[in-house]
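The chain contents come next:
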Amino acid sequence: MSAINVRGLTKTYGAVEAVRGIDFTIESGEVFALLGPNGAGKTTTVEILEGHRQRTSGEVSVLGFDPAEAGREFRERIGIVLQSSGIDRELTVRESLRLYGALYPKRLPIEEVIEIAGLTEKADARVKTLSGGQRRRVDLALGIIGDPDLIFLDEPTTGFDPSARRKSWELIANLRTLGKTILLTTHYMDEAQILADRVAVIARGVIVAAGTPDTLGGRGDGNAVVAFRSPGAVVRPPAPFDAAPGADGFVRVEVADLPPALHALTGWAVQQRVPLESLTVTRPTLEDVYLQLTREADHG
Amino acid sequence: MAEGRTGTPVLVWQQIRYQNRLFWRTPIAAFFTLVFPLMFLLLFSVLFGTEDIEITGRGVFSVAQFYAPGLAVFAAASATYTNIGVGTAIARDEGILKRFRGTPLPAWAYMSGLIGSGVWIAFIATVVMMTVGVVAFNVNIESSKLPAALVTFVVGAACFAALGLALAAASPTGDSAPAVANATILPLAFVSDVFIAMDNPPDWLTAVGNFFPLKHFVRAFQDAFHPLVESPGFEFDHLAVMAVWGVVGTLLALKFFTWEPRESASGRRRRRRRTGGSEPSGSE
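In the order they appear, the protein sequences are chains R and S.
Residue numbering for the first sequence follows the working numbering, beginning at 115 and increasing consecutively.
Residue numbering for the second sequence follows the working numbering, beginning at 9 and increasing consecutively.
Just so you know, not all the hints are guaranteed correct.
[Stated by the list, open to error] Simulated DEER-style distance windows between Cβ atoms: (1) S:V162 / R:D180: 37 to 43 Å; (2) R:E187 / S:A205: 52 to 58 Å; (3) S:L262 / R:D180: 38 to 44 Å.
Derived by calculation from the structure, the hints in this document are not laboratory data.
Glycine included, C-beta positions come from ideal geometry on N, C-alpha and C.
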């Protein structure tokens, strides 16, 4: 059974159409990332699914509930990690988890959650003494304390330093192994690449592309770019690599059929004893595809 | 892994304890609620002196007999109305209400916690005031009128707790809530005989005082300690006015209470706009 099913979802604020007809399905146990620039409609969409906001039209089913009308039974099965929800500064981490944990019929042991979230050393510290990254981990801990089937993560690592982001990714990856369904929104393409089974790019209120992180927007079968530092005018490389180098001294060539082209180039290099310094082969990154898609949406 | 829903009484009890804990960990709130009214008591004893008043056939009473109950009511009103109003508006700004909204906690359970905790703290403030009155200023307490004092207290504190929820709903932000609270409760205190009973006030001032619930709270509670009032000392007309205001406060709170941080409160914290807006680029 799919965990989330959205058909023709729209939301207007006065004359502004924030969401203009969105369809997607998230299967149980799947990690699904919603990508998009600020103002694209990500948070509006997610908050409609959480029951925080009413939709203008369309059909929405979350764990079999209509979130617009769902109550306690629905909220007992979801965990929400918002950017904008606060934690009482004067409570300790453990007290917060006890307070919120008591609201759910199923709850994970507090000590276990503290450990999963990497908060063991801070368990008895007041929230006001924690750093931003630590508070975010308390957010995550509060989001999973009720052992939810479905977790909403709204930009879970925004503002983190790189090592804190790595730790949070491990945490989220752990949740996936427990079979949780996760709906993630993020600005970070590497985050989506690492965590998500499937991604959808939302821009100006519509989904402009959807797929796995590796194939989004034709990434998997797009042209590769071969680049290397120009060996100088000693011997000309074979076509198409005989192009003039750029200002930085690098030759960059886009090739459709990579293996034969690369074979020709490296065969030539071995024969001529050319070192081919800094040789790289790159496909468009998820970020390249994302930027292109959102740019197209802006101009279309 | 624990299983099973927490029972309703336990849920409410946990919410009351949670709000109490927040109160005691915010020293400034504890100071204004418990210590500040006592300073008035001391100040009044200096201003009015400590001379005793003899009432024929009743005995001799200290002046504090007449103003300590008024100050106790003032303390009870700030423990409920001001604390609940300000605390809830700040919790809304900080997104704490929004977090609760996303959990299975029923709204009424959250509100019960606020009201229960507010009434309990008001009770402590009232007991502290009257105890200091008895010990330091010879205030006399008639046990036969204590039930009336207790009932008056419960009805009054519940009324002001409900009005506190309405205050939170009416305050645009947590920053402005203390101003709204003080701008309403302080002038009202002066026309409600909290500090001093006015001699021959203009009619309209009397009418204003009679309209709002504070004066009824003060009068009913004072009478439970007044030497000339016979026991049991219940003042049902005053209680009725407070009950009506309690219902009005509840209705206003139900109508205007919101869980989301308000537009004007954003920017206080690291937070992007959430609630949609006038242009697509800002209204994610």
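Hints numbered earlier in the text: which of these fail when held up against the supplied structure?
As far as the earlier hints go, only 3 is violated by this structure.
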